[in-house]
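**Student:** Make one complex out of these two single chains by using the hints.
These protein sequences, in sequence, are chains G and Z. This note's numbering puts the first residue of the first sequence at 5, with every later residue one more than the last. This note's numbering puts the first residue of the second sequence at 505, with every later residue one more than the last.
Treat the hints with caution; some may be incorrect.
[Claimed, not checked] Label pairs and their calculated CB-CB ranges:
#1 Ala568/Z to Glu236/G: 46 to 54 Å
#2 Thr44/G to Ala527/Z: 42 to 50 Å
#3 Gly548/Z to Ala141/G: 36 to 44 Å
#4 Glu289/G to Ser554/Z: 51 to 59 Å
#5 Leu347/G to Asp574/Z: 46 to 54 Å
#6 Leu519/Z to Asp41/G: 35 to 43 Å
#7 Gly548/Z to Leu347/G: 35 to 43 Å
#8 Glu580/Z to Arg215/G: 22 to 30 Å
Hint data in this document are derived by calculation from the structure and do not stem from the laboratory. Here the structure is a predicted model, which is why all the values come from computation and not from measurement. Backbone N, C-alpha and C define an ideal beta-carbon position, used for all residues, glycine too.
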Amino acid sequence: MDVTVEPPLGMLAELTHRCPLHCPYCSNPLELAARSDELTTAQWLDVLDAARDIGVLQVHMSGGEPLARPDLPELVSRATDLGCYVSLVTSGLGLTEDRLADLVERGLAHVQLSMQGADAARADAIAGAKAHVRKLAVAELVTAQDLPLTVNVVLHKANHDQVGAIIAVAEAMGADRLELANTQYYGWALKNRTALMPTREQLAAAEPIVRAETERLRGTMEIVYVVADYYEPYPKPCMYGWGARQLTVAPNGDVLPCPAASVIETLPIENVLTRPLADIWYRSESFNAYRGDAWMQDPCRTCDRRAIDFGGCRCQAFQLLGDAAATDPVCSRSPDRGVVDVLLRANVEPEDAPAFVMRGPGAAR
Amino acid sequence: MTDPGKPRLRRGVRLTFDKTRAADVVLFPEGVLVLNPTAKAVLGLCDGRSTVDQIVATLGERYAGVQEQDVTAVLERLKVRGVVEWT
Chain G
5 MDVTVEPPLG MLAELTHRCP LHCPYCSNPL ELAARSDELT TAQWLDVLDA ARDIGVLQVH
65 MSGGEPLARP DLPELVSRAT DLGCYVSLVT SGLGLTEDRL ADLVERGLAH VQLSMQGADA
125 ARADAIAGAK AHVRKLAVAE LVTAQDLPLT VNVVLHKANH DQVGAIIAVA EAMGADRLEL
185 ANTQYYGWAL KNRTALMPTR EQLAAAEPIV RAETERLRGT MEIVYVVADY YEPYPKPCMY
245 GWGARQLTVA PNGDVLPCPA ASVIETLPIE NVLTRPLADI WYRSESFNAY RGDAWMQDPC
305 RTCDRRAIDF GGCRCQAFQL LGDAAATDPV CSRSPDRGVV DVLLRANVEP EDAPAFVMRG
365 PGAAR
Chain Z
505 MTDPGKPRLR RGVRLTFDKT RAADVVLFPE GVLVLNPTAK AVLGLCDGRS TVDQIVATLG
565 ERYAGVQEQD VTAVLERLKV RGVVEWT
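So here's chain Z without its partners, still in its complex pose (with noise of 0.2 Å):
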């Protein structure tokens, strides 16, 4: 049974590439967080509208062994930080 929500970036949340770095980041108050190329897949899809069941089935698309378990922990801390929220 998995969270019945759609997850989506808090306001004021952006996603940029640092070329210092070399790095995908997420900036928001007080914050900067880099990205490992999970979470940023994971972020990309989090767009207010898709369940996370969804986000975990377009993964599968895209890459080989998408685990949801994986991408439930990615969009706990993500939320736990103050990026994501749930609508």
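Only chain G is shown next, with the shape it has when bound in the complex (with noise of 0.2 Å):
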């Protein structure tokens, strides 16, 4: 392979798939990973150094929710002593004041807080949870420890009208960031994709808005907007690149270039009990499967795009097509946009939208 291929620059770490929350577009895969199959306290904390040692500057502390691995504390010290920046992925529930404090005394950097929605009726029947007056404090405690703080809101049918509420709502929280991201359909969002899906004028509506209000805010909050891929021209330029910067390690120790992999059932998926990480980066048949270009097919091959979008998203061709080298079928040059055009004029309105199959376990079947 005439591919050079760098040293990551992120992990995704998900510690957990435990959750107080029930979203129905949790990116988790359907068949959650129990607490008896967690990798150990040692095992993470070899999982930290193999990671720094090939490269990795970014540590993402996710899950499920994080805070439910009692040894949290311990595992921000390792990363951040060994010179990563670590950022904590959270729903914010068991984020106590003396918690907060105590990580940031370890080298704690960033907050990330997921919000469900503008107020706590909606977002608490989106997070199955009564979860959204607890986050506003943990805003303010995040703030009050000078931590940065960005707030992440996965957009739907069921909150999309409320697109400006929820920019207001992370500004009076004092957010640095906004990631406001349509939600992308994989794991638990793909079993939900016909309730989640927004409408086109859902869609039309938030523009201008987000437009505006990035405008204002710019130099105060930034807004990150990741649009909604079905109804776009062109695919998402899926992880910058296939095991080109990012990688996450899944709570059993599986390793995947994305967090949603696992849905590619030809993929043999590697794991760090059983060999080493800057083995499986550099020269594993997982990482290497869609490296460069020399993997793509018509019309990607040729195509004055494929720098640019690398294909689009293995996952959804995977998913929708059943052939993760095909070209996503987003992409108005695949000759299977088809499938997605049948899947968007088959949209429902708000009023008419399934309800939702939240997440949880055994909740799948």
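**Tutor:** Structural data, given as structure tokens:
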């Protein structure tokens, strides 16, 4: 292979799949790892050492809810001492003033707080838990520690109408960054796609609001808007290239080129307990499968956009077409774009949406 | 006429040396920048107390041929990336 493999920049450490929330768009797989499958503290410490050795500089402590792991402080200390920038990706539930102060003392650099809607009634219904009011308090704790705060919101049919109010809440929270990410359909979100997919009208209504607010808040709060790719003419540049910048370690030690990659049934998944991380990053079949462009089919193979979007998302190609090497069918140049258009035509208005299948053990069946 | 403000690192921004890449890097929420020597020298002086003029003067004492527009350009790029802000 004539591809130069660069060291990874970031690692998503999914410490656990346990979570107090039940969001129907969760990116965790439908088969959630049980507590008994989780790596031990010593194993996670080894993962952090190995990750820093191969070049990881950004560590996202995530899950599930990472605060569910009692050893989180120890893991934050290790990652920080190694020279990594440590972000906590959290629902906020369980984050007390004392716990946060301890994590900051150990070097925690940044908090990403999820939010499900603009008000408690809507947000708690989507989260399947009483959480919204607690999140507002957690935002205060974070900014009081002078830590940068990112608020993460997944947008979908049941909250898209609130986008302006959501921006106002994040601004009032004192957030430095707001990620407004339209749902990407993997895991639980794929299962709930009809209930979640925004309508074209919802997207059109949100667009001028997001544009104006992004401009108004420039220099105060950065707004990152992730588009609804099914409606776009070209696919997202997923992961900025397969195995190019990031890796994900699942609660059981599985190492994935992207958080959703376990959906690709044809991909042989490696595990940190059976193969060194450096070997997995540089030499494994799974990380090399879609690196560079030698794997591409037509029309990607000769496309002038192949260095821009890398053929789009491998997981989406597999889920919608059964072939992870196919052009992402979102692309207007894909011969299979019709598969996506059928889904868009079958979309329903918010008042006709089916009930959510809420995330939880055993709920997938 | 240069900016009268005093640049400083935004909250959450950290400077470190990465042994894997053998390079100085600046780390911030969702970002990593590998620094060239100029950017490293400029960032090291963004203490929130020095004006851009003072930063240019300090660099001029240490290095030959420091141009004000080069320093301003570096600062502007770092501002756009959310690494520095003006007090």
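**Student:** Each hint should be assessed against the structure and marked as holding or not.
**Tutor:** Verification of the supplied hints:
1. Ala568/Z to Glu236/G: 46 to 54 Å: At roughly 50 Å between Cβ atoms, Glu236/G and Ala568/Z fall inside 46 to 54 Å, so the hint holds.
2. Thr44/G to Ala527/Z: 42 to 50 Å: This hint is violated: roughly 34 Å between Cβ atoms.
3. Gly548/Z to Ala141/G: 36 to 44 Å: Once the Cβ atoms are compared, 37 Å apart, the range 36 to 44 Å for Ala141/G and Gly548/Z holds.
4. Glu289/G to Ser554/Z: 51 to 59 Å: With a Cβ separation near 53 Å, Glu289/G and Ser554/Z satisfy 51 to 59 Å, so the hint holds.
5. Leu347/G to Asp574/Z: 46 to 54 Å: With Cβ atoms ~52 Å apart, the hint holds.
6. Leu519/Z to Asp41/G: 35 to 43 Å: Holds, at about 38 Å.
7. Gly548/Z to Leu347/G: 35 to 43 Å: violated (52 Å)
8. Glu580/Z to Arg215/G: 22 to 30 Å: holds (23 Å)
Comparing the model with each numbered hint stated earlier shows that hints 2 and 7 do not hold.
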